[in-house]
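**Student:** Take a look at the letters that make up each chain.
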Amino acid sequence: MKTIDPFTEQIRGCIECIAETGAAGLSGLFDLTAHRLVRFAVTITRNQHDAEDAVQAALVRVVSNIRLVRAADTPWPYLLRMVRNESLVILRKKRRWPLVSSLADLLTRRCVDEVEQEETYRAVWSALRSLPIEQSEVVVLKIWEDMTFAQIAEVLEVPQATAASRYRYALSKLAGHLRSLEQEVTRD
Amino acid sequence: MTKRSNDDDSVLVPVELLIRAAGNYVVPSDNLRPRTLEAARESVADRAGFFRLARLFLVLLFCSAVSIPALDRLAAWHDKSVSPSGAEIQNQANEFATEKGVGPHWGLYEAFKRLRNHQAENLSPKR
Numbered sequence: 000m001k002t003i004d005p006f007t008e009q010i011r012g013c014i015e016c017i018a019e020t021g022a023a024g025l026s027g028l029f030d031l032t033a034h035r036l037v038r039f040a041v042t043i044t045r046n047q048h049d050a051e052d053a054v055q056a057a058l059v060r061v062v063s064n065i066r067l068v069r070a071a072d073t074p075w076p077y078l079l080r081m082v083r084n085e086s087l088v089i090l091r092k093k094r095r096w097p098l099v100s101s102l103a104d105l106l107t108r109r110c111v112d113e114v115e116q117e118e119t120y121r122a123v124w125s126a127l128r129s130l131p132i133e134q135s136e137v138v139v140l141k142i143w144e145d146m147t148f149a150q151i152a153e154v155l156e157v158p159q160a161t162a163a164s165r166y167r168y169a170l171s172k173l174a175g176h177l178r179s180l181e182q183e184v185t186r187d
Numbered sequence: 000m001t002k003r004s005n006d007d008d009s010v011l012v013p014v015e016l017l018i019r020a021a022g023n024y025v026v027p028s029d030n031l032r033p034r035t036l037e038a039a040r041e042s043v044a045d046r047a048g049f050f051r052l053a054r055l056f057l058v059l060l061f062c063s064a065v066s067i068p069a070l071d072r073l074a075a076w077h078d079k080s081v082s083p084s085g086a087e088i089q090n091q092a093n094e095f096a097t098e099k100g101v102g103p104h105w106g107l108y109e110a111f112k113r114l115r116n117h118q119a120e121n122l123s124p125k126r
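Same order as they appear, the protein sequences are chains A and B.
Per numbering that gives the first Met the number 0, the first sequence starts with residue 0, numbered consecutively.
Per numbering that gives the first Met the number 0, the second sequence starts with residue 0, numbered consecutively.
Derived by calculation from the structure, the hints in this document are not laboratory data.
Since we're looking at a predicted model, the values are computed, not measured.
For each residue, glycine too, the CB sits at the ideal point set by N, CA and C.
It cannot be assumed that every hint is accurate.
Here are the in silico distance ranges between beta carbons for each label pair [as the list claims (entries may be wrong)]:
#, chain 1, residue 1, chain 2, residue 2, range
1, B, ASN23, A, SER63, 29 to 35 Å
2, B, SER123, A, SER63, 58 to 64 Å
3, B, PHE61, A, ALA71, 33 to 39 Å
Anything over 10 Å on all C-beta distances counts as not near chain A; from chain B, calculated [claimed, not checked]:
#, residue
4, ARG32
5, THR35
6, ALA38
7, ALA53
8, ARG54
9, PHE56
10, LEU59
11, PHE61
12, SER63
13, VAL65
14, ASP71
15, SER82
16, ILE88
17, GLU94
18, ARG113
Computed footprint of chain A on chain B, listed as stretches where at least three residues anywhere in the stretch have a Cβ under 8 Å from a Cβ of chain A [stated by the list, open to error]:
#, region
19, 39-49
20, 95-108
Chain A on its own, in the form it takes in the complex:
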């Protein structure tokens, strides 16, 4: 029997709300997904402002094409794909600009009990930015979105084996990158 997880159910509820009330119903979907969509878009655009523009454009498109979104079998991967497409459009427009490797553009949350972890988080984000986009987006979908390789393949429109191999390459690169950062910190 096919099981539907609560998150997908919530998204479906929000989409129904948009279909009934129009733009006024978008706030529910925004609150539910914005954080996850932005962090996914940031890994593609490598810039938070551009990522937010991509998320905004995708969500506006959701409202104007609500029938298409409503008809999607899997709304969350569909939404991720929309954000990915918008991010790639923005990235294509800005190709001539060098990609910034610093994390200065990121808007971060600092919880009091996580101050010690901040360096690690920054190291992770920095390491993610050092990866090619094709690999970093697989990592984000696999680890942060808990997707299977089949679902990742659907979002990225690549074969499942490609998604899996990109993930393995990315993880080994990240491990190396994070290990070297850890050694630097220990030396300091």
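Assemble chain B onto chain A, guided by the hints.
**Tutor:** Structure of chain B alone, referenced to chain A:
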């Protein structure tokens, strides 16, 4: 999407755990929400305006498609139904009186009779 996938053949390695923990580090800016909602509202309003204009254009197109042939027919009927002026009737009466050698009253009678016949011919349904 909340369940961990089965196709990963190992448990979370430390790197994965590190990455997972950093997932909530980046947050959307405060103005993204109002900005997005406003953009969506504007987009809906623009689309509604566009559809209103398109509907208006279609209605105008329909009206002109219907009214132009109707106006043409009306104009043709109007040309046929226009009556001659008093001076023209008088001229016709004089011409008839001179031609037939009858009095002006009889000429006027004949001119009106011809006019009535002509109008009846125009207004009668065509077979």
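**Student:** State for each hint whether it applies.
**Tutor:** Hints, one by one, checked against the model:
About 30 Å separates the C-beta atoms of B/ASN23 and A/SER63, a value consistent with the hinted range of 29 to 35 Å. Checked against the hint of 58 to 64 Å, the pair B/SER123 and A/SER63 passes, with Cβ atoms roughly 60 Å apart. A beta carbon spacing of about 37 Å between B/PHE61 and A/ALA71 agrees with the range 33 to 39 Å that was offered as a hint. The claim that B/ARG32 is not at the interface with chain A is violated, since a C-beta of that chain comes within 10 Å of its own (minimum 6 Å).
Look at B/THR35: its CB is around 5 Å from the nearest CB on chain A, not clear of 10 Å, so calling it non-interface is violated. Taking the minimum C-beta to C-beta distance to chain A, about 5 Å, the non-interface status of B/ALA38 is violated against the 10 Å cut. Listed as outside the interface, B/ALA53 is consistent with that label: its C-beta sits roughly 15 Å from the nearest C-beta of chain A, beyond the 10 Å cut-off. Every beta carbon of chain A lies more than 10 Å from that of B/ARG54, the smallest distance being close to 18 Å; the non-interface claim holds.
Interface exclusion of B/PHE56 from chain A stands, the closest Cβ pair being 21 Å apart, more than 10 Å. Chain A leaves B/LEU59 outside its interface by the beta-carbon criterion, the shortest separation being 26 Å against a cut-off of 10 Å. The beta carbon of B/PHE61 is kept farther than 10 Å from every beta carbon of chain A, the shortest such distance being approximately 27 Å. Listed as a non-interface residue, B/SER63 keeps its Cβ farther than 10 Å from every Cβ of chain A; the least gap is roughly 31 Å.
Chain A leaves B/VAL65 outside its interface by the beta-carbon criterion, the shortest separation being 33 Å against a cut-off of 10 Å. Chain A leaves B/ASP71 outside its interface by the beta-carbon criterion, the shortest separation being 43 Å against a cut-off of 10 Å. With a minimum CB-CB distance of about 61 Å to chain A, B/SER82 clears the 10 Å threshold, and the non-interface call stands. With 10 Å as the threshold on Cβ separation, the claim that B/ILE88 sits away from chain A holds: the shortest Cβ distance comes to roughly 70 Å.
Against chain A, the non-interface label of B/GLU94 holds: every CB pair exceeds 10 Å, the least being about 76 Å. Even its closest Cβ contact with chain A, about 70 Å, leaves B/ARG113 beyond 10 Å, as expected for a residue assigned away from the interface. Requiring three or more residues with a Cβ within less than 8 Å of a Cβ of chain A, the coverage given for the region 39-49 of chain B holds, as 5 such residues are present. Proximity of the region 95-108 of chain B to chain A, defined as three or more residues with a beta carbon under 8 Å from a beta carbon of that chain, is not established by the 0 residues found.
Violated hints, in rising order: 4, 5, 6, 20; the structure is consistent with all others.
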